[in-house]
Amino acid sequence: MRVLLTFLILTAAAAGAALPVRAGRLAGTVDLSPAPPVPRSVDLYGKYNTTRPAPPPKHRPAVVALVPVNGSVKLVPSKAPVMDQEDLQFKPHVLPVVRGTRVRFTNSDQYFHNVFSLSPSKKFDLGRYAKGDSRYVVFDRTGVVNVFCDIHAEMRAYVLVLETSLFTVTDAEGAFAIEDVPAGEYEVLVWHEDLSEPARVRRISIPRSGTTTFSAPLPAVR
Amino acid sequence: MRKSTRSVVAMRLRHHPVSTTLGCALVLAALCAPRANAQIAVSLQAAMTLVGGDDFAEDLNDMNRGDSRFGSVRALVLGRGKINDTTSLYLEVPIDLAATSSTWLTYMRPFIRMERLGGADWLNLQVGKLPTLVGAYGERSNSTGNALIGVPLLFYYHTAVRSRLAVEGPDYFFEDGVRGGGFRGIFGGPVTSFQGAPLLYDACWEVGSEVYGAHRGVEYSLAGTMGSVSRPAISENYNDGYGVTGRLGYIFRDGALFGLRLGVSAAAAPYLDAGIVDDPDFPSGADVEDYLNTYVGGDLTYARGPWQFFGEVGRVGYEVPNVDPRLTATSYYAEIVRDFGPQWSLGVRQEGVFFSDLTASDGRTGTWDHDLGRIEAMINFRFRHGTMLRAGYQKTWFPDAGTLDAELFALQLQVWTR
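In order, the protein sequence lines correspond to chains Y and X.
For the first sequence, the numbering used here begins at 1 and goes up steadily by one.
For the second sequence, the numbering used here begins at 1 and goes up steadily by one.
It is worth saying that the hints were derived from the structure and are not from the lab.
For glycine and all other residues, C-beta sits at the position ideal for the given N, C-alpha and C.
Fair warning: there could be bad hints in the mix.
To be verified - Not close to chain X: a few residues of chain Y, all C-beta gaps over 10 Å, as computed:
1. 140
2. 146
3. 177
4. 201
Unchecked claim - Examples of chain Y residues toward chain X, derived with CB under 10 Å:
5. 86
6. 99
7. 126
8. 132
9. 136
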């Protein structure tokens, strides 16, 4: 009986591997507008810390996400996402995650940081911790979480908590691709940091295979 | 009769050459910045405070101009004009509705910061009106992350020594109202008619030049100044002397002590006003530069998780004409801050000032000013990024002069921009 069961399982696995993946791909561009100057707080007093943050990127990235119109996609928490603090900056600047994901906040600088957020979808304060140390936050509600450092006012980042596993961040030119999208009808969400929540920009149909293209301007701030 | 603009400018140039020059440089830089592709950043802090308690408790927190951290409406404009990658012009403009009207220019605080001189990360230069040079409090004096409202006694307490008054001898300090009277104006006048010499004085920035830097955890600062720690020259040199100020520190960058910061500071400079030589009690043949104001102190800062600890101890010395030995005052503060989540925090500071003994001509011995202690506690609530409400209590006590004890309650709304 045990031999028969093993045979059936292996056969099923082999058959599954041989089947074509019934998933499409969404690719395209978001027209990123040039990033406005980043406001820098004026620090007259902290003279010993002469670390200068790297210049801001020319464009701020956007997040593109797909939400099924009918039914739902099984939420798989993002795999061990990390938001680091290095050279007085959060890296990455924008981190989209699936609801329920635990994010690791590391410190790679030679001085303390104190990550905190006052956003309604997640309020937290990680306290001061040293280089090489980490703290964790589970993001269990969807929404935009503004992340700051309590010591370095110029540090700012975003965690975008989504009710879907199908998302990506655009590159510096606005290009993106979401792989392995199950066939079906989806709403395309686009978010950038001027928006308080992701904007639903279009309904789109993803076939069982092939690449569907999509381009859009940045949603306007309402 | 109203003075003409020309005569006012001439007067300011004569009496406040440094700040006038720096102020003009700032205006010029602001005008030239767009053309030179410079970057200008401005931050604003504002605070509205309701205070209750003893009137003297409010006086005890007053600075020379009558301004106070507990003032009803205060604002601070911070500006930075980036001239190039390594040079920036900084400006701090404190505004306090309780302060006496004065030549506004002298209270603008411009300085130029030049970083990485010769490409060396550890070699930087500041010239102008410089933020407090000794100790560690100056760095967070106006920080929006400061959990307490009051300034530590070490950084402003007005003693019975006066830089504009020559005394006959030690007996002066035993006269009624002298000890504990540093917050009254000179000759018993109103508070704002120039108070006693502070211990250190964070409220007024010193004109000078400072080289400073940090390398592998070692911090250093060496400055030449026009005034002294108790009598900063905010715009003009009050005598012909110059001072020197230094700080050496170390911050642990690895291991269990990561973040622990230790420092020692020292300073020496003449502090008496030049005009004092005309006082009949000023020793004949002496010079104001013969009398020094000195400082030696240490600072410690540590933080871990939701806890922060700040502590400093320092000894200020005054050489006073006709008074021997040198007068000293030792002051300390220990401050603990505990965060409770992202919105709530509690800060508590315990501090004290102890004065050296002096013997009067009739053999009486006592401290040359009244020792005092203080505790201040504040609970803070951050509504949102840049908005804080705080409520707290401050008690000051004088073990040898209980009638001066004072309590104060405060509620403050603070807002600031990034």
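Outcome of the hint check:
{"no.": "1", "hint": "140", "result": "holds, 16 Å"}
{"no.": "2", "hint": "146", "result": "violated, 7 Å"}
{"no.": "3", "hint": "177", "result": "holds, 34 Å"}
{"no.": "4", "hint": "201", "result": "holds, 28 Å"}
{"no.": "5", "hint": "86", "result": "violated, 15 Å"}
{"no.": "6", "hint": "99", "result": "violated, 20 Å"}
{"no.": "7", "hint": "126", "result": "holds, 9 Å"}
{"no.": "8", "hint": "132", "result": "holds, 9 Å"}
{"no.": "9", "hint": "136", "result": "violated, 14 Å"}
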